[in-house]
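Here the protein sequences line up with chains A and B, keeping their order. Using our numbering, the letters of the first sequence correspond one by one to residues 1 to 408. Using our numbering, the letters of the second sequence correspond one by one to residues 1 to 408.
No lab work stands behind these hints, which were simulated from the structure alone. None of these values were measured; they are calculated from a predicted model. You may find that some hints are simply not true.
Any copy, or any two copies together, can satisfy a pair, since identical chains are not distinguished.
Said to hold, decoys possible - Below, computed lysine to aspartate or glutamate pairings styled on DMTMM-like, alpha-carbon distance capped at 20 Å:
id	residue 1	residue 2
1	Lys70	Asp340
2	Lys69	Asp338
3	Lys12	Asp178
4	Lys69	Asp340
5	Lys70	Asp354
6	Lys69	Asp96
7	Lys70	Asp338
8	Lys108	Glu127
9	Lys12	Asp73
10	Lys69	Glu222
11	Lys70	Asp147
12	Lys12	Asp270
13	Lys12	Asp296
14	Lys108	Glu136
Below are the chains, spelled out letter by letter.
There are 2 protein chains.
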Amino acid sequence: MSDAAVSPLAPKSFPELPPVAGVQLSTLAAGLRYQGRDDLFLAFVPEGSTVAGTFTTSRCPSAPVDWCKKLIDSGAGRALVVNSGNANAFTGAAGDAAALATAEAAAKALGVQSSDIYLSSTGVIGEVLSASAMAEALPALAQGLADSVPDKWRASADAIRTTDTFAKGASAAIGDTDCSIVGIAKGSGMIAPDMATMLAYVFTDATIAANDFQRLLREGVESSFNRITVDSDTSTSDTVLGFATGAGSYQYSDSTEATFYNALEAVLLDLAHQIVRDGEGASKFIRVQVDGAETDHAAQRIARSIADSPLVKTALAAEDANWGRIVMAVGKSGEAADRDALTIQIGPELVARDGVVYEGYSEERATEHLRGQNVDLFVDVGVGRGSSSVWTCDLTHGYIDINAGYRS
Amino acid sequence: MSDAAVSPLAPKSFPELPPVAGVQLSTLAAGLRYQGRDDLFLAFVPEGSTVAGTFTTSRCPSAPVDWCKKLIDSGAGRALVVNSGNANAFTGAAGDAAALATAEAAAKALGVQSSDIYLSSTGVIGEVLSASAMAEALPALAQGLADSVPDKWRASADAIRTTDTFAKGASAAIGDTDCSIVGIAKGSGMIAPDMATMLAYVFTDATIAANDFQRLLREGVESSFNRITVDSDTSTSDTVLGFATGAGSYQYSDSTEATFYNALEAVLLDLAHQIVRDGEGASKFIRVQVDGAETDHAAQRIARSIADSPLVKTALAAEDANWGRIVMAVGKSGEAADRDALTIQIGPELVARDGVVYEGYSEERATEHLRGQNVDLFVDVGVGRGSSSVWTCDLTHGYIDINAGYRS
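Isolated chain A, as found in the complex (with noise of 0.2 Å):
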């Protein structure tokens, strides 16, 4: 948790996120980095509980995440454990042995096997984790295992929180059935595609089989986390995992998968949008929306040069109008793109059509857009089909005082 005061695009308040049958929480403050406050995250759920996950694409990967992509095709799991203030990542052998401590702690503390813990550790980067600690914290920490009531995802939700200037929750009733899908995250800075630079945790009692939770956790994060960037910066930490105790009444069915997948999406999607309300510095929420391009995934490259150019976060983190630097984000991206077909809108306002200035165009319409908190840039590149968004912020003084201090 940073001094920064919380960010202007924060939701009003945390979400009341229902309890969800069979998961039980628990959280400690163990002092590993932070003082006076919870750091340890812990939750428990039943056996034959199935897992789901997706992780970083980083070349270098945290100790936790290598561990977790070593279980994650059992499909199955019973506990997670977070620790926060230490990423325990790029520390060589001795962070793998610090992770496998942990899990084994944690194991002996709940009654099961080691290869049932999955692990998460999001801070500093290059310091060992201290096994110690955590096997010293880890009985407490079972003890503390309670259901999950709105209070529980709270503190939750909290105790993972490094520079994130709120918590962050968000649920979803599966359907009109019982059963609901809770999700909590942490992520503000380093926050890129692919994952973005953010842990985020979903808990369901349905029941679904590990395959079918696995590939519509990865469809749903490909549409929410994935088309995220604060920064441009990706995590060697970045993790989803999800977690369904099969408590509930909802079966999965591919009759009923849209219903299932509807409810997970809109999890992560809210998760996805809160991580970049809290993008570091962050003064505006922006959308890019990009057609007319010759595929999806060149839509997406091109909507990410343009939410990742430092020349348009700051001109929007200035309120000004200036859509040539969309044009030059456009150009540099390397899609196809036809200049004198190119369409540009900013919220309402058309600003370019068929590659000239819009004779109807009014700078002061659009940059009464810009004042607003919620941003909307639309790109039609006048090549093909293909069609993206990406959600991004702004790039303000206050990126530059959070991530000059970060450590000290």
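With the hints as your guide, set chain B onto chain A.
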């Protein structure tokens, strides 16, 4: 020219550039956008001069870039007209017409063909360059032509500035002949790989065939302008042009290629470094050297990933030896790296070896290096023999100040 103070990384003074036989220069205040300063630059070279050029990879290039690309295959030309304040980019057919009108006006004033006239425009995107203002100014601009004495070089380097805080020039003798290569450049933002966002012009009194000149210019740009980055943004207008008058004694031959190339590369590299030193808001001049990659290309991609990372750049601005962010940037590059064989060095200080912190590492000594204006980062990713380097600058509040207010 912005109101910003001169970059702290600027050279102490503009160099004394020697006259280049055959080259005539002129500048003029046409009031296209800026007031009280020259905004037009004209260079005129003798019949028989050879011309080489490389241009932006942007898919949305400016009208003058399109114009130059059509001419450059001829390898010939007589003049260069550059205006600052307006990029004549994303201006559709009207922009092309303005470019043509400018070339025609210049040709008439100089008594040559419009296909002899190379053009560049730099400044705000999306506004059509005034063809009538250009046509009106060109006779007086041509009238002002005079030998390329030092003061004329200085005036020319000043006339092409936009947000530059200092004028950029460099020269080198061609071996021990009486011939030389002189270059001027502009650029400080929208600087990125693949030509960076800049204009650079080199002039020599050597005699060199167009195809040799083109080949060597391309090679020189590859190892200079294509290895700098300020903000990862790529301009619509990047242009490097070379003019060889043949008015001096040096005649290019295969056996003396190195003599010519060394002088050319020295001038291009000097100009490229000056652009980084004028990086918007820059307070540090940073070299990122990557070794041990699969290929030189992979090393270049990893070096760029580090050099473009906002988290690395803000840490360096804060003189914070937060090397975990370097690991992050290596990981996100997508290139092969052996996490457990990674070596990182900050200046003379070995930080990490074999994937863990080096036992003798002193953060104090690393910080001491970061307190200087010149920062060297070395990374060995431990998988092969590929090697490359990139020059960049840090990311400071100054960058945001400049870019949030460029148009106003």
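Hints and how they fare:
Taking CA atoms no more than 20 Å apart as the test, Lys70 paired with Asp340 passes between copies only; the shortest distance there is 18 Å, against 50 Å inside one copy. Within a single copy, Lys69 and Asp338 get their C-alpha atoms only as close as 42 Å, which misses the 20 Å cut-off; across copies the closest is 17 Å, which meets it. Taking CA atoms no more than 20 Å apart as the test, Lys12 paired with Asp178 passes in neither setting, with 27 Å inside one copy and 73 Å between copies. In this assembly of identical chains, Lys69 and Asp340 lie within 20 Å of each other by CA distance solely across copies; the values are 17 Å between and 47 Å within a copy.
Proximity of Lys70 and Asp354 under a CA criterion of 20 Å is satisfied in neither setting, with 52 Å inside one chain copy and 23 Å between copies. Taking identical chains as interchangeable, the C-alpha atoms of Lys69 and Asp96 lie at most 20 Å apart only when both belong to the same chain, with a minimum of 13 Å there against 55 Å between chains. Only between protomers do Lys70 and Asp338 lie at most 20 Å apart by alpha-carbon distance; the minimum there is 18 Å, versus 46 Å within a single protomer. In this assembly of identical chains, the alpha carbons of Lys108 and Glu127 never lie at most 20 Å apart, being 25 Å within a copy and 69 Å across copies at closest.
In this assembly of identical chains, Lys12 and Asp73 lie within 20 Å of each other by CA distance neither inside one copy nor across copies; the values are 39 Å within and 61 Å between. With identical chains, the CA atoms of Lys69 and Glu222 are at most 20 Å apart within one copy only, with a shortest distance of 18 Å there and 40 Å across copies. Neither within a single protomer nor between protomers do Lys70 and Asp147 lie at most 20 Å apart by alpha-carbon distance, with minima of 29 Å and 72 Å respectively. In this assembly of identical chains, Lys12 and Asp270 lie within 20 Å of each other by CA distance solely inside one copy; the values are 14 Å within and 53 Å between copies.
In this homomeric assembly, Lys12 and Asp296 never come within 20 Å of each other (Cα to Cα): the closest approach is 34 Å inside a single copy and 50 Å across copies. Within a single copy, Lys108 and Glu136 get their C-alpha atoms as close as 12 Å, which meets the 20 Å cut-off; across copies the closest is 86 Å, which misses it.
Hint compliance for this structure: hints 3, 5, 8, 9, 11 and 13 are broken, all remaining hints hold.
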